[in-house]
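Peer 1: Since the structure of chain A is provided, determine the placement of chain B on it from the hints.
2 protein chains.
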Amino acid sequence: MLFEKVKIDEKEYYRVSKDELSDFVVSIFVKLGVPKHDAEIVAENLIMADLMGVESHGVQRLKRYVDGIKAGAVKVNPDIKVIVDRPSMALLDGDEALGQVVAHRAMRMAISKAKGEGNGIAVVGVKNSNHYGIAGYYALMAAREDIIGMSMTTSRPLVAHTGSVEKFIGTNPIALAAPVEGEEPFLLDMATSVVPSGKIEVYRRKNKKIPDGWAIDSRTGEITNDPNLALSSEGAILPLGGLGELLGGHKGYGLAVMVDILSGVLMGAVWSKHVGGTSDKHSDVGHFFMAIDPDVFVGREEFKKSMKKMLQELRDAKKHPQFDRIWTHGEKGFLTAATRNKIGVPIYKKVFAEMNEIAKELGVEELKPIDRS
Amino acid sequence: MLFEKVKIDEKEYYRVSKDELSDFVVSIFVKLGVPKHDAEIVAENLIMADLMGVESHGVQRLKRYVDGIKAGAVKVNPDIKVIVDRPSMALLDGDEALGQVVAHRAMRMAISKAKGEGNGIAVVGVKNSNHYGIAGYYALMAAREDIIGMSMTTSRPLVAHTGSVEKFIGTNPIALAAPVEGEEPFLLDMATSVVPSGKIEVYRRKNKKIPDGWAIDSRTGEITNDPNLALSSEGAILPLGGLGELLGGHKGYGLAVMVDILSGVLMGAVWSKHVGGTSDKHSDVGHFFMAIDPDVFVGREEFKKSMKKMLQELRDAKKHPQFDRIWTHGEKGFLTAATRNKIGVPIYKKVFAEMNEIAKELGVEELKPIDRS
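Read top to bottom, the protein sequences are chains A and B. Under this note's numbering, the very last position in the first sequence is 387; numbers go up by exactly one each time. Under this note's numbering, the very last position in the second sequence is 387; numbers go up by exactly one each time.
Next up, chain A with everything else stripped away, as it sits in the complex (with noise of 0.2 Å):
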């Protein structure tokens, strides 16, 4: 069965083989100078965003993470220092390192030490360092390993938090994955906004109006329909549980306050309004990793045996009459990774052009699209 979490206009995109398009972004960052090792990473994170229907965070972001480099606010080289390191916690500074880079190494060491030294638990922090791409990219790193992994990030100031009208905090990621019995893993991946900036710059590009309740006007308070507004300095998006207190919006500000404590000030980074989203300057942007061992407490079988239960539970409940299906959180991500490499990672026009402009300035053989005449 093909299935797409999110559907497509094809005449908008070309489709792109999920290989070749690895290859592309690698030699990409090999050419501007990252180890071949890092760039892999980069890559994957990237290109997992787009297998999984994420566009925002996959390989439309590229020119941004090449004009950083190339404007020397991110380090190819850089030299990451691990300032604290305990049996079960660790923290480290990115140096101003790419942050798929510094982050896939501090969740390695969460892993390890959750697995390793017999605790079953480790926290470990990233100060200095840059996005992260797709937060479920490091929580689903554990869930490969057979145990619960989290991941959390600082990011730029887009939400006007509860009573507020400017923006303020950023749209501050959650992501759990925990593994399952004879499936792939649950992954909880959400903002703590009511919608990430990526979906509202989907509606801009469609020249869309935004429904009711994602942003609002900062000059009067009111709820706008505007993209273009909501994304500019005049507009802001809203928590998660929207406007006021009425449905809970000071909840979705409390989780985003809570991951600017536990990433940021917890771990000596910036936070809320501090955080820099521009590449030509520090964006000193924070993560929190935290990798739970099943075998210290039920087990690792009874857990993933649990968890498959569950999830059957959720998704056999008794329905809503406009639902014709109960989704567990990653499994609508999981089957369009599924189609996608199958018939391949598309990649809207615009973003296309633009990367192949920027193969041809470094002297990289360009992307070529799937073939489907």
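Check each hint, because a few of them may be wrong.
Since the list can't tell identical chains apart, any single copy or any two copies may satisfy a pair.
[Said to hold, decoys possible] Calculated cross-link-like contacts (lysine to aspartate or glutamate; reagent style EDC-like; alpha-carbon spacing at most 20 Å):
| # | residue 1 | residue 2 |
| --- | --- | --- |
| 1 | Lys129 | Asp99 |
| 2 | Lys332 | Glu259 |
| 3 | Lys222 | Glu236 |
| 4 | Lys95 | Asp309 |
Hints were generated in silico from the structure; no laboratory data involved.
Peer 2: Coordinates of chain B only, in the frame set by chain A:
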């Protein structure tokens, strides 16, 4: 300044001195065979809820607790076992204790492990427990010792997850507390549903319609404004983010499952629809506690200083025209507690009568309201 988070109608309430209320609740539990130290923990937890304006988790639960003990579903002298004990984690079997008793012990262990063993972090889980009261109580225990505390618990099914119409998952709260230089801790304590059931109970009591977006009619899937229906077996509360996916209902659903995974599945307790909420059967509630000592990360003083700065910045952001103050989490509760310590804890007259009936039956001295004539 007198401030109360929840405006109450004084005609419907008695005010009771906090100390007298505490002595009263302790006496009731002691009469039922609960050791005095344990009774004091339960009383402190319930009364913290009343002090901070979370009536639903306060002494109005006393009758349910008493009934649970009488029915033998809650043990007054449980044999709480430490099943696993490692430097950074532990797992406890609550043996059907009062939730507060085993939860307090678990959080104390987490704090002591995080601070004492030099690891900086600890997770302690509990299975075979009961309702543990307000989640923030445990998180706050850590913040009072200058470290970060987190607390989550499974809870009985009240919420219809995205795509379903039935009461299937719990309101599964997440609490995080963190120390702040020179002021009360940051304290996030939130149900992962749009509202906790207690808020709907208040509307029911007042015969008021509930707002759109809080609950559905399980028979049709449509939004309901009837608090009776919402709380009956033919209705269900919505997850944070509301009905469907448009405003992020799948995120509230995902957070609730995250809580079920970390405090239920991981600990060997049950989850979602299996969590017992009645006093006549074994509940098998599961809890998750985490403590993190900032000393091994950014440093305790630096952490508290940054917290102070961050919270002040949030409060000083550009205000929405409809708000005259931007709150940070915990502020309203602490102000309410200060007020109620001064003028007394409000107890709904019907609850007050119910409490004194219990007292009469057990031969405990009856509670007296503060004379306000």
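Peer 1: Checking each numbered hint in turn, tell me which of them this model violates, lowest number first.
Peer 2: none
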